[in-house]
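Chains A and B supply the protein sequences, listed in that same order.
Taken in order, the first sequence gives residues 1 to 257; the numbers are from my numbering.
Taken in order, the second sequence gives residues 1 to 257; the numbers are from my numbering.
Take these hints with a grain of salt, some might be off.
No copy is singled out in the list; a pair is fine if it fits within one copy or between any two copies.
As the list claims (entries may be wrong) - Straight-line Cα separation of at most 30 Å, DSSO-like style, residue types lysine-lysine; simulated pairs:
hint, residue 1, residue 2
1, K132, K211
2, K31, K176
3, K228, K132
4, K54, K228
5, K31, K168
6, K14, K228
7, K16, K228
8, K147, K31
9, K42, K178
10, K34, K16
11, K168, K34
12, K228, K34
Everything labelled a hint here was simulated from the structure, so no lab data went into it.
Number of protein chains: 2
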Amino acid sequence: MLSGNQVKHINSLKQKKFREIHRQFLAEGSKLVKEILESQYKVLNVYAIADWLKQNEDIVLSNQVSFVEVSLGEMERITALSSPSSALAVAEIPEMTGPPALINDLVLVLDDIRDPGNLGTIIRIADWFGIKTIICSENTVDLYNPKVIQATMGSAFRINIFYTDLKKFLSSLSPKVKIYGTFTQGESIYSTPLEDQGIIIIGNESSGISKEISLNVTDRISIPAYIKDNRHIDHAESLNASIATAIICSEFRRRMG
Amino acid sequence: MLSGNQVKHINSLKQKKFREIHRQFLAEGSKLVKEILESQYKVLNVYAIADWLKQNEDIVLSNQVSFVEVSLGEMERITALSSPSSALAVAEIPEMTGPPALINDLVLVLDDIRDPGNLGTIIRIADWFGIKTIICSENTVDLYNPKVIQATMGSAFRINIFYTDLKKFLSSLSPKVKIYGTFTQGESIYSTPLEDQGIIIIGNESSGISKEISLNVTDRISIPAYIKDNRHIDHAESLNASIATAIICSEFRRRMG
Numbered sequence: 001m002l003s004g005n006q007v008k009h010i011n012s013l014k015q016k017k018f019r020e021i022h023r024q025f026l027a028e029g030s031k032l033v034k035e036i037l038e039s040q041y042k043v044l045n046v047y048a049i050a051d052w053l054k055q056n057e058d059i060v061l062s063n064q065v066s067f068v069e070v071s072l073g074e075m076e077r078i079t080a081l082s083s084p085s086s087a088l089a090v091a092e093i094p095e096m097t098g099p100p101a102l103i104n105d106l107v108l109v110l111d112d113i114r115d116p117g118n119l120g121t122i123i124r125i126a127d128w129f130g131i132k133t134i135i136c137s138e139n140t141v142d143l144y145n146p147k148v149i150q151a152t153m154g155s156a157f158r159i160n161i162f163y164t165d166l167k168k169f170l171s172s173l174s175p176k177v178k179i180y181g182t183f184t185q186g187e188s189i190y191s192t193p194l195e196d197q198g199i200i201i202i203g204n205e206s207s208g209i210s211k212e213i214s215l216n217v218t219d220r221i222s223i224p225a226y227i228k229d230n231r232h233i234d235h236a237e238s239l240n241a242s243i244a245t246a247i248i249c250s251e252f253r254r255r256m257g
Numbered sequence: 001m002l003s004g005n006q007v008k009h010i011n012s013l014k015q016k017k018f019r020e021i022h023r024q025f026l027a028e029g030s031k032l033v034k035e036i037l038e039s040q041y042k043v044l045n046v047y048a049i050a051d052w053l054k055q056n057e058d059i060v061l062s063n064q065v066s067f068v069e070v071s072l073g074e075m076e077r078i079t080a081l082s083s084p085s086s087a088l089a090v091a092e093i094p095e096m097t098g099p100p101a102l103i104n105d106l107v108l109v110l111d112d113i114r115d116p117g118n119l120g121t122i123i124r125i126a127d128w129f130g131i132k133t134i135i136c137s138e139n140t141v142d143l144y145n146p147k148v149i150q151a152t153m154g155s156a157f158r159i160n161i162f163y164t165d166l167k168k169f170l171s172s173l174s175p176k177v178k179i180y181g182t183f184t185q186g187e188s189i190y191s192t193p194l195e196d197q198g199i200i201i202i203g204n205e206s207s208g209i210s211k212e213i214s215l216n217v218t219d220r221i222s223i224p225a226y227i228k229d230n231r232h233i234d235h236a237e238s239l240n241a242s243i244a245t246a247i248i249c250s251e252f253r254r255r256m257g
C-alpha cells in the first residue's frame with residue numbers, strides 16, 4: 001500500500017531537479033531491479049506487485065532493502081514507462097567524484113549527447129566493448145533520467161560515468177594522451193593507426209563535436225560511407241551518434257584482438 | 001486551408017490498415033519532404049506553412065505536385081510527430097514486386113524487426129554502407145509507418161525494400177549463396193571469412209533469429225564482447241538489433257576496402 005506522499009516522492013524523481021535535491025533515482029522493470037540489487041548502488045526501496053515478490057523470494061530474503069508490495073493500479077501511478085512494470089527500485093545517487101587523471105585504457109567522452117535513448121545505448125555499447133569509463137560534458141542528458149537508465153539495460157550499473165567541464169578536463173591531460181574525434185574529413189577508421197588507450201570523443205547528435213572541443217583532438221577519424229567503384233551516388237548524410245559509437249568501438253577492439 | 005475530409009484522410013494514413021486501402025503514406029518534416037520530392041516516389045500532395053513555401057519557391061515551381069498552404073494550427077491537426085513540422089507530403093506506396101532472385105551484392109534480411117526506430121535506423125545504416133536491398137519478414141514493422149520513415153532520414157527513398165515469406169525466399173536461393181546470421185556461439189566476425197556478396201540476417205529484438213530461419217544460415221557469426229585478459233566479468237548481455245547491424249555492415253565493408 002502506497003501513501004500519497006510516497007507516490008508524490010517517486011514521481012518527483014522523474015525530474016532532474018528533484019533527483020538532485022533527494023540524491024535518488026528510479027530503476028524500473030524486473031530485470032533492471034535485479035541488476036541494481038546486484039550492483040554497488042545502494043537501493044532504498046523496491047515497490048513490486050505480489051507476483052514479483054513471490055517469484056523472487058530468494059532476492060527478497062537475501063537483500064536488506066525495504067520491499068513494498070503494491071497493486072498493479074498503484075504501479076500505474078508511479079511508473080515512468082508507458083505501461084507499468086512489475087517492480088520499481090528507488091536508489092541513491094552516489095557521490096560524484098572527478099574524472100580519472102590518468103588515461104590507461106579506452107575512455108569515451110560525450111560532447112553534449114542530448115537524447116536519453118542515445119546515452120543509454122552508448123552506455124550499453126561501452127559495457128559490451130569493455131570500456132569502463134565515460135566522461136560527459138555538463139550539457140549531456142542526465143544519466144539518472146529514467147529513459148536513460150531504461151535504455152542501458154543495466155549497463156549503467158557497471159560503468160563509471162562522470163560529468164565535468166570537458167574543455168578543462170581535456171586540457172589537463174598529458175599531451176601524450178591520444179584524443180580521437182570523428183569528422184567528415186578525418187582519416188578512415190579502417191586504415192588509420194588506433195592505439196589501445198586514449199580518448200574517443202562522440203559529438204552532439206546534430207552539431208557533432210563542438211568547435212572548442214575539436215581543438216583538443218589529436219587524431220581526426222571518420223567512418224567512410226561505402227561507395228562502389230568510386231562513383232558518386234547519394235547516400236545517408238550521416239550516422240546516428242550511437243551507431244557511430246558502436247562502429248568506432250568495434251574497430252578499436254578488433255585491432256586489440 | 002484544409003477540409004475536414006482532408007484532415008481525416010491524412011490522419012488515417014498513420015494506421016497501416018488505411019495505408020493499405022489507400023496505398024498512400026506520409027513523409028513529414030522539411031528535409032524528408034525535399035528528399036521524397038527528389039526521389040522516384042510519386043508525391044500527391046505537400047501540405048506546408050506559408051514560410052516553407054516561400055523559402056522553397058524553386059521546389060514548388062519545379063514540381064508538378066499539389067502544394068497546399070496550411071496554418072501551423074492546421075499542421076498540428078495532421079502531424080504524426082510530437083510537434084508539428086513545416087511541411088508534410090502524402091505519397092503513393094509503389095507496387096510491391098518480389099525480392100531479387102539473384103544475390104550479387106550484400107543484402108540485409110530482417111527476421112521480425114518490430115521497433116519502428118530500429119527499422120528506420122537499419123535502413124539508414126544500409127544506405128550508409130551502400131547496401132541497396134533489404135528483405136523483411138512479413139511480421140517486420142511496416143516500412144510506411146510514419147515513425148519508420150522519420151527514422152530513416154530519407155534513406156528509405158533510396159533503398160529497395162521487400163516484404164516476403166522469408167523461409168520460402170531463403171530456400172529458393174542457390175546453395176552457393178552465403179547466408180550469414182548472428183549467434184552467441186558464432187565465429188568472431190573479426191576473424192571469420194566474409195564474402196562481398198550474400199545475405200546478412202538480422203534477428204528480432206528480443207528473440208534473435210527464429211529457429212526456422214536459422215536452419216538456412218550457412219555461416220554463424222558473432223560480435224565478440226571485449227574481455228580483458230580473458231577474465232570473466234559481467235558485461236552487457238546483448239547489443240540492440242540496429243547496433244549489431246551497424247557493426248556487422250561496417251566489418252563487411254572494411255574487408256571490401
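Against the structure, the hints:
no. : hint        : verdict
1   : K132 - K211 : within (27 Å within a copy, 35 Å between copies)
2   : K31 - K176  : neither (41 Å within a copy, 42 Å between copies)
3   : K228 - K132 : between (37 Å within a copy, 11 Å between copies)
4   : K54 - K228  : neither (58 Å within a copy, 38 Å between copies)
5   : K31 - K168  : neither (38 Å within a copy, 36 Å between copies)
6   : K14 - K228  : neither (48 Å within a copy, 36 Å between copies)
7   : K16 - K228  : neither (47 Å within a copy, 35 Å between copies)
8   : K147 - K31  : both (15 Å within a copy, 27 Å between copies)
9   : K42 - K178  : neither (35 Å within a copy, 50 Å between copies)
10  : K34 - K16   : within (24 Å within a copy, 37 Å between copies)
11  : K168 - K34  : neither (37 Å within a copy, 41 Å between copies)
12  : K228 - K34  : between (48 Å within a copy, 25 Å between copies)
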